Amino acid sequence: MITFGRLLLRQWRNRPGRALATAASVAVAVGAVVATWVAADASRAGYRRLTETVEGVPSIDVLARGGGRFDVEKLPALADVSGVRAVVPLFYRPTILRIGSKRVREIAVGVDAETLVSLGLLTLTSGRPCLGPDEVVLDTALAASLGMRLGDDVLFFARRRVSRLEIVGLAESKSMRWFAEGAGVIVDIAALADMSLALGFIDRARVVLEPQASRPHALEEIGRRLPAELLAEIPAGRSSMAEDVLHSANLGLDFVTGLTMAMAWFIVGNAMLMNVTERRRGFSLLRLLGATGRQVRIFVTSEAAILGAVGAVVGAAVGLVAAGPIAAGISQTLQAPDAALVVHPLIVPLALILGTAIAVAAAWWPAQEATAVDPLEGLSQAPPPPRGVPLRFVTLAVGLWIVAASIMALVLTERLPPQAAVPAGIMMLLAFVATTPVMLPPLARALAAFIPHRWRIEGTLAVEHILRQPVRTALTTGVLVVAVSNGIGLGHAIRDNVDNVRGWYGRMMRADWLLTHAGMISAAAAGEGPKTKTAEEEVRSLPGLQSVEGIGVATGRVAGQACVVVARDISADKPLPLEPVEAPEADVRQALARGEAVAGTVLARRTGIKPGDVVAVEVFGRSTKVRIAALVVDYTSGGSSIHLDRATARRLFGIAAADILLVTAEPGRAAALREPLAAIADTHAMLLRSFGDVRAFIDSIVNGVVGSLWAILGLGFVVGSLGVANTVTMHVLEKKRVLGLLRVVGMTSGQVTRMVVLESLILGLSGSLIGLLGGVTTALFIQLASQPLLGHPTSLSFHPGIVAANLAAALAVTTLAAWLPARRAARLDLLEAVSSE
Amino acid sequence: MSILRTEHLEKKFGAGNQGGAGVVAVCGIDLTIGGGEFVAITGASGSGKSTLLHMLGGITRPTAGRVLLEGVDLASLDDDALALVRRRRIGFVFQRYNLLPELSLVENVSLPLVLDGMSDARADEAALAALETVGMEHRARHRPDELSGGEQQRGAIARALVAKPAIVLADEPTGALDSVNSRRVVELLERLVAERGQTVILVTHDAGVAAAAIRTIRIQDGRIESDTHGVPHGLHTPTGGGA
Ligand SMILES: Nc1ncnc2c1ncn2[C@@H]1O[C@H](COP(=O)(O)OP(=O)(O)OP(=O)(O)O)[C@@H](O)[C@H]1O
Ligand SMILES: [Mg+2]
Chain A
426 MITFGRLLLR QWRNRPGRAL ATAASVAVAV GAVVATWVAA DASRAGYRRL
476 TETVEGVPSI DVLARGGGRF DVEKLPALAD VSGVRAVVPL FYRPTILRIG
526 SKRVREIAVG VDAETLVSLG LLTLTSGRPC LGPDEVVLDT ALAASLGMRL
576 GDDVLFFARR RVSRLEIVGL AESKSMRWFA EGAGVIVDIA ALADMSLALG
626 FIDRARVVLE PQASRPHALE EIGRRLPAEL LAEIPAGRSS MAEDVLHSAN
676 LGLDFVTGLT MAMAWFIVGN AMLMNVTERR RGFSLLRLLG ATGRQVRIFV
726 TSEAAILGAV GAVVGAAVGL VAAGPIAAGI SQTLQAPDAA LVVHPLIVPL
776 ALILGTAIAV AAAWWPAQEA TAVDPLEGLS QAPPPPRGVP LRFVTLAVGL
826 WIVAASIMAL VLTERLPPQA AVPAGIMMLL AFVATTPVML PPLARALAAF
876 IPHRWRIEGT LAVEHILRQP VRTALTTGVL VVAVSNGIGL GHAIRDNVDN
926 VRGWYGRMMR ADWLLTHAGM ISAAAAGEGP KTKTAEEEVR SLPGLQSVEG
976 IGVATGRVAG QACVVVARDI SADKPLPLEP VEAPEADVRQ ALARGEAVAG
1026 TVLARRTGIK PGDVVAVEVF GRSTKVRIAA LVVDYTSGGS SIHLDRATAR
1076 RLFGIAAADI LLVTAEPGRA AALREPLAAI ADTHAMLLRS FGDVRAFIDS
1126 IVNGVVGSLW AILGLGFVVG SLGVANTVTM HVLEKKRVLG LLRVVGMTSG
1176 QVTRMVVLES LILGLSGSLI GLLGGVTTAL FIQLASQPLL GHPTSLSFHP
1226 GIVAANLAAA LAVTTLAAWL PARRAARLDL LEAVSSE
Chain B
14 MSILRTEHLE KKFGAGNQGG AGVVAVCGID LTIGGGEFVA ITGASGSGKS
64 TLLHMLGGIT RPTAGRVLLE GVDLASLDDD ALALVRRRRI GFVFQRYNLL
114 PELSLVENVS LPLVLDGMSD ARADEAALAA LETVGMEHRA RHRPDELSGG
164 EQQRGAIARA LVAKPAIVLA DEPTGALDSV NSRRVVELLE RLVAERGQTV
214 ILVTHDAGVA AAAIRTIRIQ DGRIESDTHG VPHGLHTPTG GGA
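Protein chains in written order, with my numbering: chain A, 426 to 1262; chain B, 14 to 256.
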């Protein structure tokens, strides 16, 4: 008797196309997962670099509650808090350096330089990190201005003694900004503390977060672990304008990765389904000859395992090869060209196991179906017409909806983190796919009505084919539904978010010129010196000004919650720079002038502040009651902010200095202000930028992030099209006989081509339309999921461009995917078709 | 008047690329068939009957020689023109699996007409008439898998004649049927010839079925072994043979 192994080999030799197409589907799926995974990792790495170059490193500070230094022993272990990348103790000390005959006042910062360099948190332009008490690293720019070189000595005046330190390294100014607070001299933290007679004490511990970490959550978690004398807060002035874009981009990446997995399932499931149902009769024959159902199922699943494993190996290889250029392209878009391609060591083994497992699992169901029927019935030529299928799918869809909605409700009420929205969103999409068998027939019929009359017969046959196999068509369409939903949903979410942030920035920063501190010195530090004030006065004395608005930023606390207190001039002749939630601008303007405050929505949501409340705001240890007039949509420090008129802030909290100066010229005189402003910026170590510069800067970040997401989405479309092409090819192989018969009764090859293409087009369009629904829901989901992060409802807008682009892409993909198999179908040898069986 | 003529018709399989001898399925067949003839092709299994029929119907192209259908050389036609000829001038009936499982019986039967651009209503009407001829109009809305083998074959014959083709080619149409059903199918074909003057070429193993034909062509190893014109047994006694 012939063994199953021999039978399998014979079947493959007989129909190599079918076995190949099945393995190819696994290869496509595994390749997609690998490539997407690597590309998503590249994007995340790119985002991290982006956040760091834009706003320094996202971080949370741990400080002594009463001010001053604290014993480092009091600092609890924080490295294991989720989202924490490193805990960096910092020690600051004003000092005097003597170089030759020159004496310079500088701030020295004590850190563990070696660790920072190894973590990539500090970049040296030359030399090495300082280690012991005799070594120092200088800011490259400072060293250049002092004419110092590597290997030179400096005299360092500290409390205990005067030390001679050797310059062992030069640090990139940009990479120091996030911790230096204006310091230009880096010394080993233990050495500096020792020199200052404060061994074992630090000024603050800066907890560096992963860019995708949620800052509010990390803040809460860290706060919980601290002893009473320590407090955690978001460093003032380190406003996170890009954080929200990146945050939803990260959520988006999770979505895309999850959805690619789902798509992989559809593709493999479909191929297995076809591979097995096509041989239904053969299996029935085997059973009639005495094989048990179990034997047949083992036969089918072993075949699936072998084809799955082969496909997975090929797919992983192809995915890795494809991932290289894709990741490089993404890094380029994100302006992090030196980001190395990192392949997570688990990706390949996981992909292999997953590919095989999915193949086996996907083969199980059709094998079950094929052996569940009476063997005689299985011998009949066509699979029995579907019965009860829609109901089963409706049940599945409703179940998925309920689970997804429950998860979402928990996310919205913050009993689950925003990340949980990802599986919920995927379930929601799957629910849409599950409704496909129900929605497809009427949709397909409706679409067929648009087929030109002279293609009526091709159209009718195409629709018949579609309706005959609801499960298979649902799976094929599912690939498209996912791709389109993905594109539309993510596209909308990204666009909305980008538009929000852009709009906010434009509102907040509208002026001809912006003067900011080069380093992000907080108002607290700047307030002590008269420097900034002088800069402001100098600017105000320039001719040709329409307005000068100063913005001061300080760290504060409201109801136990760290926040940023923004004090700004509100110019009467410009639109209100804030976006009130459900309150007229004029009222808010008056309230601010009266000395009331407005609160960011995130802060309000976290503390429960409502408009009309009188709350105690604590800044620099001073606590004062302020009435909250309204809530505003704000992205400063992730929306955890209180805004006051500058006069109010000076009176209540003594915030006098401006960290940012917004200069608006009289009409037509903006250009003339460049030179005098540049001169002022120079003397006060400030940075002068035009509004256009700022816009371009923000745009470049936003575009990079959006570009990387589109790249991954594009990848999804490519995978989708491969999946569809594969399905249609298998479909054609299987339909050989029917197509041959059609040719025999007089169908031309052109008509056969049209019929196959029409079938794909109807599937494509139906999938796209269902995907459109799914996409809008996904968009809503992503928006809802980011609400706890933003604290305010973002309006869901409709971008016809995104929808049109996605629909066009889906149609192009399906038409192209159908074209080759259709040509092939038309060229089938009639004789072969007629005599097959 | 001849409706179908072949000249030195030959079909080789498998020769060429492998350099092997290949199989000569049909070899130098010259044949003339007139309008309204009922021809049976018989012969041992593998003698080349189906191959000959496929060439006559334009399903496969000969490796040498020509087929002239109503004076038109099929070799001179491109694929689309050939499809048109199949659609309008030829009706096919195979041993089994003649019908598209997706379509109902009447849809299957009307297919050649609809392909030819006839409106659904008129095609339906014609298909129902054809089904009536084969006595299957009462099952018109059923799908093929709901019909017995004999019923399916009658449906296939209805499709073969719905476009009023010049010639009906049937490859062992009764091969899968019992004797009662075989009889009905053969009677149907006989009626086509008698009442409509159509030409029927039928491949069969069954001597009883062959006996219904006026002319019997016996094929052996791809060549015509004998070509006898008899009289249908319905009109004369089977033993009364002769040219
Ligand atoms: N596609 C093919 N490739 C190779 N050889 C073929 C092919 N089709 C038919 N043959 C060979 O050609 C010869 C004639 O085949 P054909 O099918 O015409 O025989 P037949 O007379 O119809 O037989 P049967 O009564 O069994 O149906 C046979 O030897 C067969 O093996
Ligand atoms: Mg034959």
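These are computed hints drawn from the structure, not numbers from a lab. Hints are supplied without guarantee of correctness; some may be wrong.
Stated by the list, open to error - Selected chain B positions facing chain A (Cβ under 7 angstroms, derived; list incomplete):
#1 A88
#2 D91
#3 D92
#4 A96
#5 R99
#6 R100
#7 L128
Said to hold, decoys possible - Computed Cβ-Cβ distance ranges for the label pairs, DEER-style:
#8 A1229/A with D91/B: 18 to 28 angstroms
#9 R893/A with E138/B: 51 to 61 angstroms
#10 R893/A with G59/B: 10 to 20 angstroms
#11 D133/B with L434/A: 24 to 34 angstroms
#12 D91/B with G1226/A: 21 to 31 angstroms
#13 A871/A with S161/B: 29 to 39 angstroms
#14 W789/A with V193/B: 22 to 32 angstroms
#15 V746/A with D234/B: 54 to 64 angstroms
#16 D92/B with V746/A: 49 to 59 angstroms
This structure is a prediction, so every number in the text was calculated from the model and none was measured. All residues carry an ideal CB built from backbone N, CA and C; glycine is no exception.
Going down the list of hints, with the structure as the test:
1. A88: violated, 15 angstroms
2. D91: violated, 10 angstroms
3. D92: It holds, given that the least Cβ distance between D92/B and chain A is near 5 angstroms, below 7 angstroms.
4. A96: It holds, given that the least Cβ distance between A96/B and chain A is near 4 angstroms, below 7 angstroms.
5. R99: Status holds, d = 5 angstroms.
6. R100: holds, 2 angstroms
7. L128: holds, 5 angstroms
8. A1229/A with D91/B: 18 to 28 angstroms: violated, 40 angstroms
9. R893/A with E138/B: 51 to 61 angstroms: violated, 26 angstroms
10. R893/A with G59/B: 10 to 20 angstroms: violated, 36 angstroms
11. D133/B with L434/A: 24 to 34 angstroms: Roughly 48 angstroms apart at Cβ, these two residues miss the hinted range, so it is violated.
12. D91/B with G1226/A: 21 to 31 angstroms: violated, 45 angstroms
13. A871/A with S161/B: 29 to 39 angstroms: 36 angstroms Cβ-Cβ, so the 29 to 39 angstroms window holds.
14. W789/A with V193/B: 22 to 32 angstroms: violated, 45 angstroms
15. V746/A with D234/B: 54 to 64 angstroms: Since the Cβ atoms of V746/A and D234/B sit about 56 angstroms apart, the hinted range of 54 to 64 angstroms holds.
16. D92/B with V746/A: 49 to 59 angstroms: violated, 40 angstroms
Of the numbered hints listed earlier, those contradicted by the structure are 1, 2, 8, 9, 10, 11, 12, 14, 16.
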